[in-house]
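Visitor: One letter stands for each residue in the lines below.
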Amino acid sequence: MKKEALSDRRKFILNMARGVGYAAIGGFLWSAYLDDAKASPLILRPPAAIPEDDFLKTCIKCGLCVEACPFDTLMLAKPGDHRPIGTPFFTPRETPCYMCEDIPCVPVCPSGALDESSVTVNGHLDINTADMGLAVIDENSCIAFWGIQCDACYRACPILGQAITVEYSKNERTGKHAFLKPVVHADACTGCGMCEHACVTEKPAIFILPREVAMGKAGSHYIKGWDKKDEARLKNAHAIHTTTNVSKKKAVDKLNSGLEGLLDE
Amino acid sequence: MSKLWNNYRYLILRRFTQIGLLVLFFGANAWGWKILTGNLSSSEILGVIPMSDPYAVLQMVAAGAVVATDLLIGVAVVTLFYFIVGGRAFCSWVCPINLVTDSANYLRRVFDIDRAQKTKQPITRNMRYWILGLSLLVSAFMGIAAFEFVSPISMMHRGIVFGMGFGWAAIALIFLFDLFVLKNGWCGHVCPLGGFYSLLGKFSFIRVHHLEENCTLCMKCKVVCPEKQVLHMIGKESLPVLSGECTNCARCIEVCDDDALRFSIRDFIQNKKMGE
Ligand code: SF4
Ligand code: SF4
Ligand code: SF4
Ligand code: SF4
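Heads up: the protein sequence lines correspond to chains U and R, in order.
So that you can map any letter, position 122 of the first sequence is 122 in full-length UniProt numbering, and since no number is skipped, the others follow by simple counting.
So that you can map any letter, position 243 of the second sequence is 243 in full-length UniProt numbering, and since no number is skipped, the others follow by simple counting.
Just so you know, these hints were derived from the structure itself, not from any lab.
Among these hints, one or two may not hold up.
[To be verified] Taking lysine to any residue pairs in the SDA-like style, the calculated list, with each CA pair at most 25 Å apart, reads:
| # | chain 1 | residue 1 | chain 2 | residue 2 |
| --- | --- | --- | --- | --- |
| 1 | U | Lys38 | R | Val67 |
| 2 | U | Lys78 | R | Ile171 |
| 3 | U | Lys38 | R | Ile160 |
| 4 | R | Lys34 | U | Asp72 |
| 5 | U | Lys11 | R | Asn126 |
| 6 | R | Lys34 | U | Pro107 |
| 7 | U | Lys249 | U | Lys217 |
| 8 | U | Lys78 | R | Phe166 |
| 9 | R | Lys228 | R | Ser238 |
| 10 | U | Lys217 | U | Asp54 |
| 11 | U | Lys224 | U | Val136 |
| 12 | R | Lys228 | R | Ile12 |
| 13 | U | Lys78 | R | Gly32 |
| 14 | R | Lys34 | U | Ala68 |
| 15 | U | Lys78 | R | Val94 |
| 16 | U | Lys229 | U | Thr129 |
| 17 | U | Lys170 | U | Val200 |
| 18 | U | Lys78 | R | Ser238 |
| 19 | U | Lys38 | R | Gly64 |
| 20 | R | Lys34 | U | Met99 |
| 21 | R | Lys34 | U | Glu116 |
| 22 | U | Lys38 | R | Lys183 |
| 23 | R | Lys34 | U | Tyr98 |
| 24 | U | Lys78 | R | Lys228 |
| 25 | U | Lys38 | R | Gly133 |
| 26 | R | Lys228 | R | Glu254 |
| 27 | U | Lys38 | R | Ala68 |
| 28 | U | Lys11 | R | Thr124 |
| 29 | U | Lys217 | U | Phe207 |
| 30 | U | Lys38 | R | Met164 |
| 31 | U | Lys11 | R | Met127 |
| 32 | U | Lys78 | U | Ser40 |
| 33 | U | Lys78 | R | Leu21 |
| 34 | R | Lys220 | R | Ser103 |
| 35 | U | Lys78 | R | Gly165 |
| 36 | R | Lys183 | U | Ala23 |
| 37 | R | Lys202 | R | Met127 |
If we strip away everything but chain U, and leave its shape as in the complex, we get (with noise of 0.2 Å):
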């Protein structure tokens, strides 16, 4: 039995059904490659980048930023980088950022994907405030943590005593030494990576992680009493409360219910 030819209404409407097929297949392939490629939570990126969803789909790759930095820090990143690619990144245990005062690599980029107002203060370029990451220190590898002397990182750091400060302590272990342990604060530390770029130990004992990635966050329902700033925002507060069973009753009548047998006898 012979099929019949397909008329060519049927053949169009077949035809572009499968160009359809085609492209969702693509548009799943590709979508599946672009999530791994995005997904790169410890990549560095330049000073007053903007935060990192928005920087994926703001930066154009051109590498203006890069051609601007005059210490070769920024580097676009290339296939084989694991990186999104083509944007830019920097590496501190190779090249840190060396803070520059007049931020040459940020005016350039012409997308917005750097954003200038983020380091501006009162008019001002001013690269302390930048936020490329935040310093970590591993207390297991750091050799000052051990007792051994190195103040490396707290004399690489452009804002000593500031983001990085020294802690002194007894040494227990041979009782006339002190320890010297370095101490990261993470309101200064721009992440430029100068320190992670000192460090003396085989692998950096401290190194630079992005902010999310490095911290913690404690929720909004802790308060610090002993901060003014922090207290006032009880100011407006007002309890909440809750009413069961057993909360009907006073706390003491509640705990003492049920004894009434055993103080009879």
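Given chain U's structure and the hints, the job is docking chain R with the ligands onto it.
Guide: Chain R with the ligands in isolation, oriented as in the chain U frame:
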């Protein structure tokens, strides 16, 4: 000598432009030249005139980015330029991938691979428009400029200016695809940027024009044209090439020994007036 010039003048000019632009971009990054900074995605001439890839910005818009004024001005500059000179002049005079696909094509002719593959081309040239549409959809869906993350054009250009990484692999892939799998495979069928510029160049002023009286039907032009469907009028009618898919590479003009093809603005306008 003059025959050499006559047969290759546009090719020489084209290579000169193509490579010259790469050298300027490379020099900006390597030696701090200020003539042409950035790359094909976005750049500046002498630090003053901005230029941006309109297709990249279109994807960014689809992705939901807030597009900065600087970029929009750059887009206007580039769009206006290619609107006038013919969109796909980008493909043959600027795009670095053209060097790759042209050499694949050249080898095809040398080894006669064309004739070995007599079967019908399996993929439609309209695929680029499908991919163009798809790229905008995927951009909107994923919230990033979808083609920019896979574009071998940007990869190669960035690679030359900023360092290649494994970008070589993408370029080699295109070369092999064009050489062994599909004639004019990438530029003529797949590349959505080429598709974009085809649409943009539909109305441009600079056109190749065919004079039917001079044509001896040798068909050298069709052999050398990367988009030979645009030359459908050869030997039939005196018409300008109206398709935006013509890359304005002018190879057809110089391989024609009978002066049946030439660049012309006037003929195009005249033809338009007469209702084509
Ligand atoms: S602030 Fe200076 S060193 Fe740091 S990335 Fe920008 S240009 Fe480079
Ligand atoms: S200058 Fe701006 S748009 Fe260009 S690569 Fe740097 S961050 Fe991206
Ligand atoms: S990253 Fe290191 S060097 Fe830079 S500010 Fe923070 S602690 Fe200092
Ligand atoms: S340089 Fe490294 S080991 Fe030394 S104190 Fe700094 S973090 Fe610790």
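Visitor: Give a verdict on every hint.
Guide: Evaluation of the provided hints:
1. Lys38/U <-> Val67/R: 20 Å, holds
2. Lys78/U <-> Ile171/R: 13 Å, holds
3. Lys38/U <-> Ile160/R: 24 Å, holds
4. Lys34/R <-> Asp72/U: 17 Å, holds
5. Lys11/U <-> Asn126/R: 18 Å, holds
6. Lys34/R <-> Pro107/U: At roughly 16 Å apart (the allowed maximum being 25 Å), Pro107/U and Lys34/R satisfy the hint.
7. Lys249/U <-> Lys217/U: This hinted pair is violated, its Cα atoms lying about 37 Å apart.
8. Lys78/U <-> Phe166/R: 7 Å, holds
9. Lys228/R <-> Ser238/R: 16 Å, holds
10. Lys217/U <-> Asp54/U: 22 Å, holds
11. Lys224/U <-> Val136/U: 24 Å, holds
12. Lys228/R <-> Ile12/R: 21 Å, holds
13. Lys78/U <-> Gly32/R: 21 Å, holds
14. Lys34/R <-> Ala68/U: The given pair, whose Cα atoms are some 11 Å apart, holds under the 25 Å limit.
15. Lys78/U <-> Val94/R: 21 Å, holds
16. Lys229/U <-> Thr129/U: 21 Å, holds
17. Lys170/U <-> Val200/U: Distance of about 23 Å is within 25 Å: holds.
18. Lys78/U <-> Ser238/R: 48 Å, violated
19. Lys38/U <-> Gly64/R: This hinted pair holds, its Cα atoms lying about 16 Å apart.
20. Lys34/R <-> Met99/U: Satisfied, since the Cα-Cα distance of roughly 23 Å is no more than 25 Å.
21. Lys34/R <-> Glu116/U: This hinted pair holds, its Cα atoms lying about 22 Å apart.
22. Lys38/U <-> Lys183/R: Status violated; Cα separation ~33 Å.
23. Lys34/R <-> Tyr98/U: 23 Å, holds
24. Lys78/U <-> Lys228/R: 35 Å, violated
25. Lys38/U <-> Gly133/R: The given pair, whose Cα atoms are some 21 Å apart, holds under the 25 Å limit.
26. Lys228/R <-> Glu254/R: Holds - the C-alpha atoms of Glu254/R and Lys228/R are around 15 Å apart, at most 25 Å.
27. Lys38/U <-> Ala68/R: Holds: Lys38/U and Ala68/R sit about 22 Å apart, inside 25 Å.
28. Lys11/U <-> Thr124/R: 16 Å, holds
29. Lys217/U <-> Phe207/U: Cα-Cα ~20 Å, so holds.
30. Lys38/U <-> Met164/R: Within the cut-off at roughly 20 Å; holds.
31. Lys11/U <-> Met127/R: At roughly 18 Å apart (the allowed maximum being 25 Å), Met127/R and Lys11/U satisfy the hint.
32. Lys78/U <-> Ser40/U: 14 Å, holds
33. Lys78/U <-> Leu21/R: At roughly 21 Å apart (the allowed maximum being 25 Å), Leu21/R and Lys78/U satisfy the hint.
34. Lys220/R <-> Ser103/R: 18 Å, holds
35. Lys78/U <-> Gly165/R: 5 Å, holds
36. Lys183/R <-> Ala23/U: Given that 25 Å is the threshold and the Cα spacing comes to 22 Å, the pair holds.
37. Lys202/R <-> Met127/R: With Cα atoms ~18 Å apart, Lys202/R and Met127/R stay inside 25 Å; holds.
When the structure is compared with the earlier hints, violations turn up for hints 7, 18, 22, 24 and for no others.
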